[in-house]
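Peer 1: Chains A and B, in that order, give the protein sequences.
Residue numbers for the first sequence follow our numbering, beginning at 1 and rising by one.
Residue numbers for the second sequence follow our numbering, beginning at 308 and rising by one.
Derived by calculation from the structure, the hints in this document are not laboratory data.
None of the hints are false.
Residues on chain A that point at chain B, a partial pick, calculated with CB under 7 Å:
| hint | residue |
| --- | --- |
| 1 | MET51 |
| 2 | ILE54 |
| 3 | TYR81 |
| 4 | SER87 |
| 5 | GLY125 |
Given the structure is predicted, the values throughout are model-derived calculations rather than measurements.
Don't be surprised by glycine CBs; every beta carbon is placed ideally from N, CA and C.
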Amino acid sequence: MAPIIEVENLTKSYGGKRGVIDVSFEVPEGEVFGFLGPNGAGKTTTIRTLMALIRADKGAARIGGLDCWRQSVEIKRFVGYVPGEPSLDPNLTGGQILEYFSRLRGGVEGAYLKRLIDTFELDTGRKFRQYSTGNKRKVVLIQAFMHRPRLLILDEPTSGLDPLNQQEFDGLVREARDEGRTVFLSSHVLSEVEKTCTRVGIIREGRLVRLGSVHELKDIKRYEISIFFAEPVAAEAFAHLDGVASVDTLSNGSGLRLHMQGPADAVIKAAAQYQVVSLTSYEPSLEDIFLRYYETDGQRGKQTAHV
Amino acid sequence: MFRSIFLKTLRDYRIAILGWGVGMGLVIVSPMASVATLITTPEARAALAGLAAQFAWNADPVAADTVGGYATFKIGIFVFLVCVWPLLAASRMLRGEEERGSLDVLLSVPRSRARVAIEKIAAMWVALLLVGAIAGVLAYLGGAAFKANFGLDGGLLFGLDLALICMVIGGVALLISQFTHERGPAAGATGALLLVFIVVDMVHRVLPNTEWVSRLSPIYYYNLSKPLIPSFGTSIGGMAVLGALAVILSSAAVWLFVHRDAGDVVGIPGVRVRAAAPSRGLPAGAWSLRSVYARGLGMIAWPSFWWTLGMAAFAAWMIVAVHQLVDKLNPLFANPSSQSAVNILRNIGGGASGLNALLLGAMFELMPVLLMAFAVTQVSRWAADEDEGRLEIILSTPRSRVAVMLGRFAALATATVVVGVVTLATAALAAGLGGVSLDSTNLAEATLGMIPLGLLVAAVGYLASGWLRTAADTGLLSFILAAWFLISFVGPDLKWPDATLRLSAFYYYGTPLLHGLQATNIAVVVVVGAAALGLGALRFARKDISV
Numbered sequence: 001m002a003p004i005i006e007v008e009n010l011t012k013s014y015g016g017k018r019g020v021i022d023v024s025f026e027v028p029e030g031e032v033f034g035f036l037g038p039n040g041a042g043k044t045t046t047i048r049t050l051m052a053l054i055r056a057d058k059g060a061a062r063i064g065g066l067d068c069w070r071q072s073v074e075i076k077r078f079v080g081y082v083p084g085e086p087s088l089d090p091n092l093t094g095g096q097i098l099e100y101f102s103r104l105r106g107g108v109e110g111a112y113l114k115r116l117i118d119t120f121e122l123d124t125g126r127k128f129r130q131y132s133t134g135n136k137r138k139v140v141l142i143q144a145f146m147h148r149p150r151l152l153i154l155d156e157p158t159s160g161l162d163p164l165n166q167q168e169f170d171g172l173v174r175e176a177r178d179e180g181r182t183v184f185l186s187s188h189v190l191s192e193v194e195k196t197c198t199r200v201g202i203i204r205e206g207r208l209v210r211l212g213s214v215h216e217l218k219d220i221k222r223y224e225i226s227i228f229f230a231e232p233v234a235a236e237a238f239a240h241l242d243g244v245a246s247v248d249t250l251s252n253g254s255g256l257r258l259h260m261q262g263p264a265d266a267v268i269k270a271a272a273q274y275q276v277v278s279l280t281s282y283e284p285s286l287e288d289i290f291l292r293y294y295e296t297d298g299q300r301g302k303q304t305a306h307v
Numbered sequence: 308m309f310r311s312i313f314l315k316t317l318r319d320y321r322i323a324i325l326g327w328g329v330g331m332g333l334v335i336v337s338p339m340a341s342v343a344t345l346i347t348t349p350e351a352r353a354a355l356a357g358l359a360a361q362f363a364w365n366a367d368p369v370a371a372d373t374v375g376g377y378a379t380f381k382i383g384i385f386v387f388l389v390c391v392w393p394l395l396a397a398s399r400m401l402r403g404e405e406e407r408g409s410l411d412v413l414l415s416v417p418r419s420r421a422r423v424a425i426e427k428i429a430a431m432w433v434a435l436l437l438v439g440a441i442a443g444v445l446a447y448l449g450g451a452a453f454k455a456n457f458g459l460d461g462g463l464l465f466g467l468d469l470a471l472i473c474m475v476i477g478g479v480a481l482l483i484s485q486f487t488h489e490r491g492p493a494a495g496a497t498g499a500l501l502l503v504f505i506v507v508d509m510v511h512r513v514l515p516n517t518e519w520v521s522r523l524s525p526i527y528y529y530n531l532s533k534p535l536i537p538s539f540g541t542s543i544g545g546m547a548v549l550g551a552l553a554v555i556l557s558s559a560a561v562w563l564f565v566h567r568d569a570g571d572v573v574g575i576p577g578v579r580v581r582a583a584a585p586s587r588g589l590p591a592g593a594w595s596l597r598s599v600y601a602r603g604l605g606m607i608a609w610p611s612f613w614w615t616l617g618m619a620a621f622a623a624w625m626i627v628a629v630h631q632l633v634d635k636l637n638p639l640f641a642n643p644s645s646q647s648a649v650n651i652l653r654n655i656g657g658g659a660s661g662l663n664a665l666l667l668g669a670m671f672e673l674m675p676v677l678l679m680a681f682a683v684t685q686v687s688r689w690a691a692d693e694d695e696g697r698l699e700i701i702l703s704t705p706r707s708r709v710a711v712m713l714g715r716f717a718a719l720a721t722a723t724v725v726v727g728v729v730t731l732a733t734a735a736l737a738a739g740l741g742g743v744s745l746d747s748t749n750l751a752e753a754t755l756g757m758i759p760l761g762l763l764v765a766a767v768g769y770l771a772s773g774w775l776r777t778a779a780d781t782g783l784l785s786f787i788l789a790a791w792f793l794i795s796f797v798g799p800d801l802k803w804p805d806a807t808l809r810l811s812a813f814y815y816y817g818t819p820l821l822h823g824l825q826a827t828n829i830a831v832v833v834v835v836g837a838a839a840l841g842l843g844a845l846r847f848a849r850k851d852i853s854v
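All chains, full assembly: derive it from the sequences and hints.
Peer 2: Set out below in structure tokens:
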């Protein structure tokens, strides 16, 4: 599938302060791409560059083959956008805001807009300033989805939404994906990315440090196995097995926590030699993977790792 | 400076204290500099005193032939400018923080609501006293330089009187902001009230036996003191009334703030706000949602309405006032020995052709200032929209940045035209009803000629917003406006060179009520405005949108 988003060596600084440095990635059309990073990593800078709200110092960003800065108006015809900190006219009602943006976009399909309003159970008669944080987010989400854009660029889109509405949002993202549309979303809620995204990019201190599918990222993860035995077992019996990175002793020696990086076959076979009370494997979430990357000394972060 | 809410708030005001203190000081010193050129002979001195008496609508003409007296007389109505800062500062003191959401955090610290509000008010009052002190010291230094007969105590009392009226107007703004969801309407309503107060204070100087009406205005009590005129002195009673009013208004505001929900407004007794039923519908056929231009119009509809009403009423009031003055001034014009007075009047009003037009010419100096001030407030709204992130989603729609900016500017231009046209209609109607004879072409040019000036200020503001944030943009525009006014207000008295006078936009407005508009001059304003707008659009198209 041809890429709908192409970012090449994108660099942006704010005066002397770092924004993003040499960020490069592509997002094929039809993909749900998660853009991960802690606060201040450069997620919003990248997204605002894509939306032509800021201009890159160096490098290029294209959407649908069009230059994000020079051809932004053409691009925005097929893009829906949710900013990280949405702010709208406080004196307009939710309904007025949606009506206004539908007109600025040249009209939207009324039935679909109605469905979105019903899906999020938005009270369109209240003024924006009277909405709760979650309801403000609903208005912004609806305006991004209402014209069925070919590409959705969403900066932390579920921030402030309750779990029920997060599920509705997940459903909309899946629906967009099923219709062959592309979703580019930033988040630091990794479970949300895990549920909805097919590929992930991790950005840290302005540099893209990891790029790959969610599944591929999991392949390189560390995981833990906790085994409780009827009698104490020496940690050394497991410490040098294939796939074991390190071992902690639990419960006076009758339990072991194995930090794994690789297949568990040798561990299972070794455990079978003892009377096992319980065995638990803990599969880390993306969050754990994510955190591990930020625990590194930065060496890995200097060049994007493709897995 | 971060040890208490009081100190932190005072720190926030540090630039304003210096800027307004020095600015107000210069405003009072400037007429002192010019008075020497106006009273070169005993005849001219007597004529000036006599003429000032005829301009009593502006201010009490007391000892107008002295440095302190002339300065006090000359700044008369410009108490409006003095009160702008406290008006803005007080309307955003609590409401502005609520809008930004920062008050919730402030109220989470272990301080009572009343204490939070009182510390903020105290900081503003201290700031105003410092502004008054700086202005007072500058007035004293100016007086000493021009051999005035008042001392440092007079200067400081003058500053105190200024600070007190500012505290009252700040109290009004703070009180009104308890009833509005946003700071803008509170500031607008206070500005309108301030105009009313000024006009109410004028009433007793124009219409006989109406002093009781003027007593309803705090400006009346401010004018009871004239500390720069030693023979007149200071009214302790007047100052006490102002101090009491400031305390009462601010206390009422604090009481309401303590008893209402944070982020909400005080309900007006008898007015029940009906909760709207939950809705899933969309508005149909709303005109103001059709485009950026239409939305821009919708946003400024109410402020435009109030400004139009205020300016039209002010224009009508001036015509009524002229009607009262003409009878008094006719003998002065008829007397050949009063030629000095006539010359001064010509200098102020722009030269004589008809007495009505001559007087109105002097009074009409204020009209373009008001329209330009309206433009400043609306430019500030544009800059705030970017600062507060409201342009972010609009710019995600398939509209070019230039189209968005020009759409908003076009809305402001439309409102400016409406203000000019309605002012013309009202002035013409008032002149017709009042029997004041005016050249209708000149009247049309005087009112419609304000429009390019308003648009020039707006264009410069849009240009500056390409680099500056809201407060700095508004501050710069206000400074430019004050500088222009100062050049045109004082420059001719001081015989400043023509090149200097040409730096002011008012120079190009001229005296249209007397001489009509000069096409070349208006073309200069239009060209400069168009250039500023073009550069502003270019800058906006290329800049990073701030967050």
